[in-house]
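Asker: Here are the chains, one letter per residue:
2 protein chains.
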Amino acid sequence: MANNKLGQQTFIFQTRPEILGTGSVVGVKEGKGPLSKTFDVVLEDDMFGEKTWEMAESKMLSESINIAMRKAGKNQDQIDAILSGDLLNQLMSSSFSVKDFSVPFLGIYGACSTMAESILLGCVLVDGGYADAVVAASSSHYSTAERQFRMPLEHGNQRPPSAQWTATASGSVVIGRSQNPHFCCTYGTVGKIVDTGMTDANQMGAAMAPAALDTIYRHLLDTGREWSYYDLILTGDLGHIGKRILIDMAKNLGIDFSPAYDDCGVLLYDEEQDVHSGGSGCGCSASVFAGHIYKSMLGGALKKVLLVSTGALLSTTSSQQGESIPGIAHAVAIEAMQ
Amino acid sequence: MANNKLGQQTFIFQTRPEILGTGSVVGVKEGKGPLSKTFDVVLEDDMFGEKTWEMAESKMLSESINIAMRKAGKNQDQIDAILSGDLLNQLMSSSFSVKDFSVPFLGIYGACSTMAESILLGCVLVDGGYADAVVAASSSHYSTAERQFRMPLEHGNQRPPSAQWTATASGSVVIGRSQNPHFCCTYGTVGKIVDTGMTDANQMGAAMAPAALDTIYRHLLDTGREWSYYDLILTGDLGHIGKRILIDMAKNLGIDFSPAYDDCGVLLYDEEQDVHSGGSGCGCSASVFAGHIYKSMLGGALKKVLLVSTGALLSTTSSQQGESIPGIAHAVAIEAMQ
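First to last, the sequence lines map onto chains A and B. Mapping of the first sequence onto the numbering used here: residues 1 to 338, in sequence order. Mapping of the second sequence onto the numbering used here: residues 339 to 676, in sequence order.
Treat the hints loosely; a few may be bogus.
Below 25 Å or equal to it, Euclidean Cα-Cα: the simulated PhoX-like pairs (lysine-lysine) are [said to hold, decoys possible]:
1. A:K5 x B:K437
2. A:K5 x B:K412
3. A:K5 x B:K343
4. A:K74 x B:K343
5. B:K409 x B:K437
6. A:K99 x B:K633
7. B:K412 x B:K437
8. A:K304 x A:K251
None of these hints come from the bench; they were simulated from the model.
Work out the full structure: start from the sequences and follow the hints.
Answerer: Listed below in structure tokens is the structure:
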């Protein structure tokens with residue numbers, strides 16, 4: 001019987017499922033940021049020709065899936081499952097995107113950790129021989145998230161400096177196999193929920209940083225790797241404040257991975273774009289990985305990446321009821337084959 | 339390399355992951371129904387000693403997980419992952435339940451199909467050697483669902499005859515291995531989203547029946563089995579109307595599986611309990627499977643069951659925007675070992 005379990009929380013992908021192609025579609029603001037040229041599509045209008053923001057987000061997700069499949073050289077008959085999730089209640093963006101594909105659907109939710117969870121479970125399906133190829137995807141949209149979680153945009157409420165900006169972005173990857181593999185997923189570490197009792201929804205980086213640390217620490221323990229094995233440890237979207245908290249907490253544990261560490265929420269926007277503590281949303285790590293990071297791997301600048309998408313497990317109901325904001329992070333190691 | 343893919347949508351679980359134990363916790367109304375004696379816990383008060391319905395639902399889920407682990411003879415250190423989801427926005431019930439376990443968490447969402455999706459992915463993890471044992475779980479609560487999806491209970495609005503009653507219920511199963519396996523998961527079929535354009539949120543059985551048929555039909559095609567192979571084909575919660583629609587649609591395809599067919603939403607309540615078209619909610623198929631069905635298997639009355647949980651992929655936003663209600667169904671075959 002196969003043993004693909006390593007340590008307490010880590011899966012080994014012995015057959016090396018490969019990233020065959022990625023697709024990224026981002027909004028107007030994200031297209032003005034420093035990663036602009038790494039995305040496949042930058043929208044001219046965040047409505048994307050739809051009547052509602054929600055349908056625009058679904059269309060962005062569909063477009064990123066189509067681009068990833070095209071680059072992977074796959075049509076939808078060759079995709080065994082789409083694994084996707086998003087921030088909208090009942091995964092509205094994913095459902096209304098995937099319904100237009102004739103492909104089995106597995107809905108996944110881990111807040112902004114969803115992209116790593118999708119990739120991780122997608123790798124399990126391919127590595128375990130349950131699928132030849134799958135799509136792992138995720139999305140978010142500033143306007144759908146604001147409408148749902150915070151305030152109607154028309155209200156024009158002020159955001160505190162610690163707040164993060166939900167990215168209008170989607171990212172998809174096709175995971176499968178090729179004769180001559182380039183970039184493969186080698187390990188996945190499933191995160192535990194970490195709840196430090198934070199209740200401030202404008203401090204999500206602080207709420208998620210302990211979970212990110214827990215998953216990174218567990219990944220290194222389980223695999224016996226040093227942090228320096230990786231060219232880049234990339235958290236999902238802790239933002240500027242959460243990034244600093246994570247570095248400090250790790251130093252307290254005796255690990256300083258700051259030379260190889262960055263955060264998708266920090267990378268996505270320029271400081272003058274007025275997003276305060278940085279980007280967030282499921283689409284943030286999805287698009288930054290599918291765009292900037294994967295292209296840096298293709299270009300040879302990165303060979304070993306640990307993607308650690310991070311999620312804040314809150315809802316408007318839990319916030320209104322005064323509950324805390326539990327955090328979670330899942331990790332996937334993606335490595336260039338020699 | 340392992341090949342555990344069968345036909346277009348079906349996974350083979352060659353190593354036969356076993357159901358080691360189940361737990362079910364239901365509310366007051368469900369405890370007055372015909373399946374009352376098959377549940378592990380029937381609440382005396384749907385608040386379950388908590389301040390909010392949402393925390394009561396989380397506590398029900400935790401309790402069902404604890405019961406399932408106890409019956410399986412496992413403590414939480416021996417569980418490699420909890421896979422769970424629920425109807426609440428951002429999986430609030432699951433997040434606030436699982437945060438109290440020190441176990442890696444994979445959030446899953448397929449509306450009322452969530453229990454079959456959790457079991458299916460849990461079987462993949464165990465069968466593929468990524469985990470020794472996992473918990474697959476789901477829950478729903480009448481009062482949390484009414485508050486979120488429909489009307490404040492205080493409003494006392496009238497429900498049309500086609501409406502279904504969201505079950506106050508949770509169910510959990512531990513999937514793992516034993517020396518002497520009894521009831522094992524043999525196949526899983528991942529559903530496609532089927533959207534027939536239905537827009538009436540009080541006709542969810544009708545919205546889900548085509549997806550249920552699609553998944554059952556695909557399961558039989560992929561596995562080469564006749565419907566009569568199964569003692570019971572059990573849909574998630576189509577309710578009375580959806581059940582009749584499914585039987586009619588199947589007959590039109592030349593299959594009459596009605597002698598071996600039933601629906602969790604039909605089984606959970608007596609007709610005089612005034613639930614109109616029957617039960618629904620993630621907890622409906624979760625508790626009916628974990629309680630009544632699994633106990634019937636243990637008692638020898640059922641040997642081969644195809645659990646087909648069905649989900650309606652709507653949200654309040656999609657309904658308010660006039661969008662359709664896409665349906666989905668996932669199937670898992672559970673069989674007594676000879």
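Asker: Give a verdict on every hint.
Answerer: Consistency of the hints with the structure:
no.	hint	in the structure
1	A:K5 x B:K437	holds (22 Å)
2	A:K5 x B:K412	holds (18 Å)
3	A:K5 x B:K343	holds (21 Å)
4	A:K74 x B:K343	holds (18 Å)
5	B:K409 x B:K437	holds (21 Å)
6	A:K99 x B:K633	violated (36 Å)
7	B:K412 x B:K437	holds (18 Å)
8	A:K304 x A:K251	holds (22 Å)
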